[in-house]
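Please build the complex by placing chain V on the supplied structure of chain G, with the hints as guidance.
Same order as they appear, the protein sequences are chains G and V. As numbered in this note's numbering, residues 191 to 406 make up the first sequence, in order. As numbered in this note's numbering, residues 30 to 416 make up the second sequence, in order.
It should be emphasised that the hints constitute simulated quantities derived from the structure, not laboratory data. Quantities reported herein were computed from a predicted structural model and do not represent experimental measurements. Each residue gets a CB set at the ideal place from its N, CA and C atoms; glycine is no exception. Each hint should be verified, as a subset may be incorrect.
What the hints assert, rightly or not - Covered stretches of chain V (in silico footprint by chain G; criterion: 3 or more residues with CB under 8 Å from a CB of chain G, positions within the stretch not fixed):
1) 118-130
2) 163-171
3) 227-235
4) 294-301
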Amino acid sequence: MLVEEIMKTDVITLPPTATIAEALQLLQEHRIRHIPIVDEEHQVIGIVSDRDVRDASPSIFEKNADNMELHREIQHIMSSPVITVHPLDFVEEIAKIFYDEEFAALPVIQNNKLVGIITEKDMLYTLIHLTGTHVQSSHIEVKVPDQPGILPEVATIFGIRKVNIVSLLVYPYRNDPTYKILVFRVQTINPGPIIDDLRNAGYELMWPHNILEPKL
Amino acid sequence: MNCSSSFVYAEEVLKYQFHQDHPFNQIRVKLAKDLLQTTGSLSDEEIISPRMATEDELALFHDVAYIDAVKRASKGLLADGKGLEFGLGTEDTPIFPNMHEAAAWLVGGTLRAVESVLSGHANHALHLGGGLHHGFKRKASGFCIYNDCAVAIKYIRKHYNLKVLYIDTDAHHGDGVQWAFYDDPNVCTISFHETGRYLFPGTGEINERGIKEGHGFAFNIPLDAFTEDESFMELYHAAIRDIMAYFQPDIIVTQNGADAHTWDPLTHLCGTMKIYEAIPLYAHQMAHQYCDGKWIALGGGGYDVWRVVPRAWAQIWNVMKHGKPLAGDIPAEWIKRWQNQSPHPLPNQWQDNPSIVPNIARKQEIQEKNRQTLQQALKITNQHKQL
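Excised from the complex, chain G in its bound form (with noise of 0.2 Å):
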């Protein structure tokens, strides 16, 4: 998936000349947490965050702040340079900038233009879609040999029933290379005949596991 598909596009900005109390005003309206920097012709020149912010903010425990820090200009606080990221770029590698890295937001840069902006919460989101569990859905697990052609097979149980395959993840088995667990989100209620398919197959099933005695 594709960062352009998940971006927010309105972006709200400001340029460096703007004061750190209209930056204060602006993450309250619209409830962000940041707002990238631009200049006249709409290039990043920087990033704040509500924490930039906040830090330059007098003390709630300050009574006689006279707020003057709140005058300044937000490009004294700024962060720069930024990393940004590009609309083509994979929501996966962003994953890999946000974990890696101490912030929580992106701006999506092309032709040296601001477009967009990602946040983490919009990539976590992503990632609850991926994972399929927003759909009415029951869940299966395989384990299965790490070996090609394994996944076509396993699909084709589900395929012959008719039922719809809401996602699908690949999970490396515990610390053991030669096996790997397919979790399937379907949408039925009664997943009962797939799993009987898969068990009369020959397939391990995480879930429902067999520790149990099986139910009558």
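This is chain V only, laid out in the frame that chain G set:
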């Protein structure tokens, strides 16, 4: 307790059948009714006939486009592939002749139950043919075509303006009803179900609490797989007690799916008949304490149709009528009448032998996890208590 009850039944309920091998089998309703009649618990005067819901009534919840699609499917006029956007023609909800009429009868039965209670004819009413909680506004799913629970609650809201508490103890999340009233502060939904981690439909997490004005009026208690009687009942009693006090409903609608039993082939909970005594007993008590007795009970899931569902559902009526469940022997006559059709020996006692539950090594952990779930699920009622 001195109260009167109506039992909604007619043979039409049996026409809601997708095909012969389909797990949703309404013979359960007939078996429960026959068990009650054989026991002498149910008299002819207590039985009221269902009716077919009108299209206007169905449209209280469902989209007209969806109702039209069901009607066309019903007559074999829905082109191939045209049903899928409405969930029609899938493995779970295949198309069958006259499905519109069959489904509309089930809704009408639930509306008759509502009318019986709200006209003052009875304190409680039971419609075991209803409880089809997975039906969506414009989509059939999980064996459900029309959602009688949602239509009935809309009907109560429109004609009587009462605050409705919907309690769903089916092992599957009551998603169709939850989403139908997700933004409505006058309808509080509570669903106890096996966690959606593995089980259909997958929703029903603790943090699904309603939106907008309806925030705080949807409760979900997802139980860990292999939950047993003790933990189920502990959570059920605690949650219902607190939510009743918090919401103060005018009427209770219960969906009494009987698929949390250890013998149920579709789910992984480990209940016995004990929970099917506790569930109606407490609902009955709460209805009298808060709602002047107004309680409508519906059927729902339940796929061990011979050994589990008839007893579980008959006990709802026993509680309505006698204030307590029956104990002891199941009439031999009933067993004799049905045994040759059942793939398993029919039980000869109302109660289960505890040995039917498999030994669950993680029992303590499950209990502890469920307690934590309860506390998180009741965050809002706990805050309310402190005010």
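Verification of the hints:
1. Residues of the segment 118-130 of chain V with a Cβ under 8 Å from some Cβ of chain G number 3, which satisfies the need for three, so the listed coverage holds.
2. Check on the segment 163-171 of chain V: 3 of its residues sit with their Cβ under 8 Å from a Cβ of chain G, so the three-residue criterion for coverage holds.
3. Here's how the segment 227-235 of chain V fares: 6 of its residues keep a CB closer than 8 Å to some CB of chain G, so the rule of at least three is met and the hint holds.
4. Coverage of the segment 294-301 of chain V by chain G holds [criterion: at least 3 residues with CB-CB distance below 8 Å; count 3].
Figure legend: structure checked against the earlier numbered hints; every hint is met.
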